[in-house]
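Undergrad: Spelled out, the chains give:
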Amino acid sequence: MEDAVSENIERRRFLKCLGASSLIIAPLGCSSVKEESDANKPHYVMVFDQNKCTGCGECKDVCNVTNNLPDGKSRLIMEQQSGGVVGSACPHCGKTDCDCERKYVRVSCQQCKNAPCVTVCPTGAAHRDEKTGIVTMDKAKCAGCKYCIGACPYDARFINEETDVAENCDFCLNTKLVNGELPACVQQCRYDALIFGDANDPNSYVSKLLRVKDSVRIKPGFGTEPSLRYIPIVKLGV
Amino acid sequence: MDGTIDFTMGLSQGIAWPWPIAVYLFFAGISGGALATAIFVRFYKKQTVNTPFYKAAAVISFVTISLGMLCLVLDLTNPLFFWRILVYYNFTSVMSIGVIALTVYIPLTAIVALLALEEELRSIPALKVLLPIINKLKAVRKPIEVLVLVLALSVCAYTGFLISALIRFPIINTSVLPALFIASGISAGAASAKMLAVSLFKEDLHSQDMKLLHGAEWPIMFAEAMFIFMIVTSLMTGNAGAQSAFAAFHSGEWASVFWLGVIGIGFAGPLLLNFATSKSFSHSAKAFYASGVCAVTGMMCLRLFILYAGQNFAI
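As you go down the protein sequences, you meet chains A and R in turn. Per the numbering used here, the first sequence starts with residue -19, numbered consecutively. Per the numbering used here, the second sequence starts with residue -14, numbered consecutively.
None of these hints come from the bench; they were simulated from the model. Don't take every hint at face value.
Claimed, not checked - Partner residues aside, some chain R positions facing chain A, computed with beta carbon under 7 Å:
hint, residue
1, S(-3)
2, P3
3, W4
4, L71
5, N75
6, F76
7, T77
8, I85
9, A86
10, T88
11, I152
Claimed, not checked - Simulated restraints, written as ranges between beta carbons of each label pair:
hint, chain 1, residue 1, chain 2, residue 2, range
12, R, S184, A, K93, 35 to 43 Å
13, R, F266, A, N94, 27 to 35 Å
14, R, T218, A, P182, 31 to 39 Å
15, A, K119, R, S267, 56 to 64 Å
16, A, A120, R, W244, 15 to 23 Å
Every residue, glycine too, gets a C-beta built ideally from N, C-alpha and C.
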């Protein structure tokens, strides 16, 4: 009996709320034509599987060549976080000879859905590509003010000293994707540690992967909604 | 999944905005602060003549904002790209909105300087050509002054909004920054305009205008100190990122810039010079210039500290 009463109240309250909120939401829905079309647009994501990465660094090398970067500049670097490399100390335990699991993290543009670089860029040089939704650069518009570099919560942007303009990893938008190829790093990785695809396509490999694997995003507290996802090594040793 | 994965390295290699930006923030603050004070005094006391303080503030605001622009342009990776900021706009960018404000503000400071220096320009034969222009501008002097007063304060605040948009840095990413920069801009701007008024435009050290400005100095300085105190406490009691940035106040070389430059020279300097010395000294020209220089130096140190310590202590 008691249950029936509370259920009734709940239902009534639910219907009331539904009516009221539809009045508020409906006009909003009408105005946001942009949001609806977003469903048909791709959302390119990259997944970095820390369990598979060996830290060989070939992703970085091929990126530098593909995107024609000057010496000492990279759109991506691998941060070694633990595990011994012969001759150097483990960043985790400090010993030169240790049993720590070898652990690397990909450091590159996180391709935020809510990208501070795009918001702060005074000229619109840092922008979202119309077709792919990828955050990229219009080199002809960049004034070199470095506002985007300071604004990036991931410190993932830099100045290319040859062109004097800011750059970021744009998934090889103009060097590979434009030809229907995968990003250079993804093609190069011999250990399948990098997976790239359209998360809005339910049949894509990356969508299927994200459905079954636990993946995390870096510094989600900034509210930037990054498109790079990481499958971390969770165990700390046997 | 607390802290499951993160990285600490970055790609930019060093801080994005070095000292020329701090100098630019400094000059923009002085320009806006000096002009806002002068126009406020003019309206408040219903002045119709060009007072020495008004002249000095007009000259300072135009010169400093021009120098500030120079710093800004020279800090671009390629100064020849400057035109791009003027041609392309993005209205979600604080910098872009600031550029619009500055493109109105800078010509107006030049106009105010022309109006203020009418008598001086009259005495130089080569500049006689400007006199018909000045006469035409006189008709719209009041609306120009109202507009420039609003813009001067906006420029001061803008320098704060500009950098507070950098969310990675707890010291910089605070809502108090625009208010702090208005207060410190007014105190240093007024101090520099006072010094120029006395030295170049022969203002009497104890004139009515000077007395009014001396009186206004302390409340503004108190507001400035309060804003700094708010930033310090919010960092001290804030989240992990804020707490780690709080270290900027007690460790590293920028902590000494803060304690010696901002607190020592900027706040304690003028206070000691005015209240801890004999009346004959505190009313002398020496004390007047010394405390003015202290205020301006303190403001520069504040900008340097906020920018460098801010960018060094990233989350």
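Undergrad: Does each hint fit the structure? Answer for all of them.
TA: Here's how the hints hold up against the structure:
1. Given hint, S(-3) of chain R at the interface with chain A, holds; its Cβ is 5 Å from that chain's nearest Cβ, closer than 7 Å.
2. Annotation: interface hint on P3 of chain R violated; nearest CB of chain A at approximately 9 Å, more than 7 Å.
3. Interface restraint check: W4 of chain R against chain A, minimum CB-CB distance 13 Å, threshold 7 Å, status violated.
4. For L71 of chain R, the suggested interface contact is broken, since its CB lies about 9 Å from the closest CB of chain A, more than 7 Å.
5. Taking 7 Å as the C-beta cut-off, the interface hint given for N75 of chain R holds, the closest approach to chain A being about 5 Å.
6. Because the smallest distance between the Cβ of F76 of chain R and any Cβ of chain A comes to about 10 Å, over 7 Å, the interface hint for this residue is violated.
7. The restraint placing T77 of chain R at the interface with chain A holds, with a minimum CB-CB distance near 5 Å, inside the 7 Å limit.
8. The beta carbon of I85 of chain R is not positioned within 7 Å of any beta carbon in chain A (closest approach about 10 Å), and the interface hint is therefore violated.
9. The closest approach between the C-beta of A86 of chain R and any C-beta of chain A is roughly 12 Å, which is over the 7 Å cut-off, so the hint fails.
10. Proximity of T88 of chain R to chain A is violated relative to the hint, the smallest CB-CB distance being about 12 Å (cut-off 7 Å).
11. Checking I152 of chain R against chain A: minimum C-beta separation of about 6 Å stays under 7 Å; hint holds.
12. S184 of chain R and K93 of chain A have their C-beta atoms about 56 Å apart, which leaves the hinted 35 to 43 Å range violated.
13. Checked against the given bound of 27 to 35 Å, the beta carbons of F266 of chain R and N94 of chain A, roughly 58 Å apart, lie outside it.
14. The supplied range of 31 to 39 Å is broken by T218 of chain R and P182 of chain A, whose beta-carbon atoms lie about 50 Å from each other.
15. A hinted range of 56 to 64 Å holds for the C-beta pair K119 of chain A and S267 of chain R, which are about 58 Å apart.
16. The beta-carbon spacing between A120 of chain A and W244 of chain R, approximately 46 Å, falls outside the hinted interval of 15 to 23 Å.
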